[in-house]
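Fit chain to chain and form the complex, with the hints in mind.
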Amino acid sequence: MSEIKVPTMAEMMAAGETPEVLFWVGCAGSFDDRAKKITKAIVKILNKCNVKFAVLGTEEACTGDPAKRAGNEFLFQMQAMMNIQVLDAYEVKKIVTACPHCFNTLKNEYPGLGGNYEVIHHTQLLESLFNEGKLQVEGGEFKGKKITFHDPCYLGRANEVYEAPRNVLQKLDAELVEMKRCKAKGLCCGAGGAQMFKEAEKGNKEVNVERTEDALETNPQIIATGCPFCNTMMTDGVKNFNKENDIKVLDIAEMIASASDL
Amino acid sequence: MGISSIAFILIFLGAAAFFAFKIRQIIQNIKLGRSLDRTDNKGERLKTTIRVALGQSKMVTRPIPGILHIFIYVAFIFTQIELIEIIIDGVSGNHRIFFEPLGGFYVFIISLIEVLSALALIATFTFLARRNLLKIPRFVKSEMTGWPKLDGNIILYLEFLLVMFIFTMNGADEALRLQGASHAEGSGSFGFAISSILGPNVFGSMDVATLHLLERIGWWGHFIVVMGFMVYLPFSKHLHIFFAFPNVYFSNLKPKGQFTNMEAVTNEVKLMMDPNADPFAAPAADANAEPQRFGVKDVKDLNWVNILNAYSCTECGRCTSSCPANITGKKLSPRKIMMDVRDRVEEVGKGLRKDPNFDDGKSLLGDYITEEEVWACTSCNACVQECPVNIDPLSIIVDLRRYLVMEESKIPAELMTMNTNIENNQAPWQFSPTDRLNWRDED
Ligand code: SF4
Ligand code: SF4
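Chains A and B, in that order, give the protein sequences. Under the working numbering, residue 259 is the last one in the first sequence; the count climbs by one each step, no gaps. Under the working numbering, residue 1458 is the last one in the second sequence; the count climbs by one each step, no gaps.
In isolation and in its complexed conformation, chain B is listed as follows (with noise of 0.2 angstroms):
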């Protein structure tokens, strides 16, 4: 085994290793919050996945950026096909290993790759000049600052790059197979779709060792970045490619109105209402189990759906963007609180795995998310609406706003009226319940 193989293979290896690492700390943090069964409804789960996650029809509501990334996409999945050919030929030590036995399709599969490709170049420059020239108002909020402003665009960088070795090496192969000197199987043209037209105008007047060079810089430069995007993957916003499709498939189906009702408390109101009850019948379930909140104060409150939620986030800005408390210039921020979420979810993962007594005695409520922010929420869903990977960043609003107003009587002092004015009157204003029929007979 020569030792270009070596190399491959422990790059490769190396790689995988820590992604798969880094995936399982994820899912270690996933399983923190609370359990929530959504195992139902799989055909009507599935038909979702399959056409929002895989057919990205929300994307496409907002058309220009969707169909862009439709290119970005569909690149990516075929390009795989080739990253399949590299790890073979580079463990193998071959060159084009599918080139022989497939034959025409071969050059059908390529020459679908490299327009894709092209399309996906396109896609990346105008994705750069959105995020950094024409400064789209969703790109540049606060929480947009450092790392995930960064983030946005290094991913842009890297499929800038991969591009480029994409096309340098099918050109300068495209080159040397016309001298007849690729390490393909014969000589004359490919046929590729663009590298056929690449190889000769740009490569054509070099000479062979250069070729050669550049070949393996565009061989070795596509494995690089893919494997350095997989070792990437788990800090960035972009591990929604494979996060996408679970974090679908285990979406809310039921309509967005409807807010779960909370089992711990209709057991409770039930007492409270059945005069016959036996308040010491009630379950004393398990009597070391640490008594359960009522909202979310910290990640482990969340169920697991929320904290996947996070973790498939595209920072796309797009529930932002149609929030009308984001848009009339209040603090709230969709977006934040689902990037909130995962970096809160982040450290106390770390900390936990180094003590699994941690306590920072911070929390994801008032350190990371201000009751400010959470009473801006108008729950009007169009966050729920626009997310293109259809997160809820909703639920753990009204989650939180549970926590302060059960657990911590926190609550604006009109909603605090308005409260009373429900439990004493049976409507959110101060009128006496005997008046309530009076409109039928005012003028």
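In isolation and in its complexed conformation, chain A is listed as follows (with noise of 0.2 angstroms):
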């Protein structure tokens, strides 16, 4: 495996750079297992774009999101105060992140608290790559594989973000199909609100069974996400059908990384 090139926003400082880009890595991308695979997907994207990034490394703190949604305002605006300051110290002026929360809190919630700063999702990043011809790929592993894509609340409904990942994934040269909700009507996996940190109130069924009950309907080989929640969602939720063998559950840059063999 080529190594990887992460410099951090102190590293950067330090040797008199600055860096086109922060990658906002996130709770999940940090500490989750799963999740840290796609960091690295995209990790190794940028690398092979050359684009410069950084990340604040242990810098970097929870953007809030969880607590925000979950009632607790002022944890919510002390940790976007923390995060605020840090930022601005290394002016920065662009973050990309591959978590919607993440992205949408960034983009949406900072500037009232006076943290302004162009915020985009990983794939809206990955999507200007291919239209700058700063990335190509063959469809590799996936030409023709059945995929379905499953619309993060955060990505799409909050921020109406439906066709970056989608034409991301079409440079697959894949079979996009795609689920009966889907982009606005698109069905929840179940974790936002911060229900991924607690049970579910008592129900009839858990969110992400059903939410993949809609995806299994299209026959798919690969569920793509966007979302590292999302993604933890949907592989649970394949489990339960005992399809883990059948369909795979990837990040949209993970599936960009390995088609350009990286």
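No wet-lab data here; the hints were simulated from the structure. Predicted, not measured: the structure shown is a model, and the values here were computed from it. Honestly, I wouldn't trust all of these hints.
[Stated by the list, open to error] What the simulated footprint calls covered on chain A by chain B, stretch by stretch (three residues with Cβ under 8 angstroms from a Cβ of chain B suffice, anywhere in the stretch; the number is not a length): (1) 183 to 192; (2) 197 to 203.
[What the hints assert, rightly or not] Derived DSS-like pairs (lysine-lysine); straight-line CA-CA distance at most 25 angstroms: (3) B:K1269 x A:K180; (4) B:K1150 x A:K177; (5) A:K182 x B:K1346; (6) B:K1346 x A:K202; (7) A:K90 x B:K1269.
[Said to hold, decoys possible] If you want a taste of the chain B side facing chain A, the calculated C-beta under 10 angstroms gives, among others: (8) V1241; (9) E1388; (10) C1392; (11) V1413; (12) D1414; (13) R1416; (14) E1429; (15) Q1441.
Every residue gets a Cβ at the ideal spot worked out from N, C-alpha and C, and that includes glycine.
Here's what the structure looks like:
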């Protein structure tokens, strides 16, 4: 495996350099074993395309999103103001993140607290890398495969980013099939609103199982996601149907990285 | 002035006065909410109103009910022209006062109303069937029993009656005019699209006296149904026919994922984070003002748009039928949240009008909405997306959570742990913040 280069902001600054973009890794991307693979895939793509980026490393802290959704506005704003101090100290202008929750919070809720940055989701970055010709892939292992994309709520409905992930998937020469509930009508995976961190209330089904059924109806070989939490939920859902040997749940970045042999 | 004109005027004024009285109360109730500035972006708001409220753009995302609803909606709008004529005729004792001056255009308008009424009738039957025979799931959820269920049907019965009266009136008048006995100028067919067929075929064999009676029954029936509808509206989900417009106009234009940043919290957090801050420099705004509660416990803690939302809710259940929590059998139903707000604000409003210090010891949270419902939400915004009149149940749910967490420290244990982790470890899990970059060197 090729070495990955992941400079931190502090290292860049010490070298007198400024990155084009800050890669906001997020808590899942930093600590969750599954999500770390997505983080690495993104880094590999950034390295390959010679995008000058940096991470905050240990200076990054939770955006406060789950606290806010769970009603703890104090904690959210504490986190936000701390992060804004760090981001502003490094004069960050542009942020890319693989987590739609971080994306939404940084993009929409930080400006009101004084943190103004251009924030994009990694699928938007991938889309523009393709458009600029910096990134090319052949379908590779995905050619002709049946892929269905699950819209993360905080990317789709919350911020109306529906096309970027699909445009990137198109590059894989695969067969893209939509679930009956997709885009604005996409069903949640069940993780949002801090549900990821608690047991669900009493009901007759888990939300991720309901959503996985939508996906299974399309008979996919791969369920593509753009959110570490959706990824966990859909992976568990697929296991629930004992389909983990037939159906893979992958982040779009992982697919692009592996189609590019990274 | 004839006795019928007097009766007409009395009924009309009585209904209008009652309607105005109830609407005033409703506006008072809406004003119980906290202030919120939604006067920005007038152009964008107007455009949204034209698209979503006038243009029904979100209705047609479900094509069958969407298009059928448009039949009733457009029929309703055009029938108002006929209603205006009825009012003028009723007051002045004339008959079809617009017929002479408008001529061919009158025939066109009444024909249009007839065609739309026929389409509305189809819609009415379909809707009745969807509610009562097909039992479409969103119409038979637990919050849709009792009054809400009856309310949904009453309007359809009224719609049916209204269309019947319109055709009785026009059909009988057509038959009369064919015999040269209509009170309208001239003789021969009016040429209205549907009653010119109904007239001879249904009413053709009746004598003049019966026809005059039927024509009057149709005419008065039409008028009485509309007046009855007006009196009934303030108690019904059908208030949306008016409230949908301001409701959409004042709806949130920002990205759906953006939750408000609470200003009161910002001030405190800034003080906490600024080592030089003088804690006593904080403005003691108004010493007599009640300290504002964090979040929402009762309807007075809501903002006025939340309450306007509740009065505009059509109880269509599109929100609930797309809510992941509700779909998977949890208690949460965004429609019920809106219905609860309306019921509670009616109760509080009524109480306050009797006694300015009204306190029944009840509250929206607890007596109407349970914590279990509040915590089942994934904040997915499906309800907001689906609502045809841009209602935002999610913002209410979040404000209820804010109250629970910040005022009462009532929070599911796992979320308490999550918060502690964020505070101590800068992540919702128990990892050391110093390990945050370890992934870089792992395989
Ligand atoms: S935001 Fe909450 S209430 Fe609305 S649809 Fe999603 S889970 Fe249901
Ligand atoms: S909130 Fe909107 S979608 Fe839900 S029932 Fe009311 S009108 Fe329908």
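Now the hints, each set against the structure:
no., hint, verdict
1, 183 to 192, "holds (count 8)"
2, 197 to 203, "holds (count 7)"
3, B:K1269 x A:K180, "holds (19 angstroms)"
4, B:K1150 x A:K177, "holds (22 angstroms)"
5, A:K182 x B:K1346, "holds (21 angstroms)"
6, B:K1346 x A:K202, "holds (12 angstroms)"
7, A:K90 x B:K1269, "holds (22 angstroms)"
8, V1241, "violated (37 angstroms)"
9, E1388, "holds (8 angstroms)"
10, C1392, "holds (5 angstroms)"
11, V1413, "holds (7 angstroms)"
12, D1414, "holds (8 angstroms)"
13, R1416, "holds (3 angstroms)"
14, E1429, "holds (4 angstroms)"
15, Q1441, "holds (4 angstroms)"
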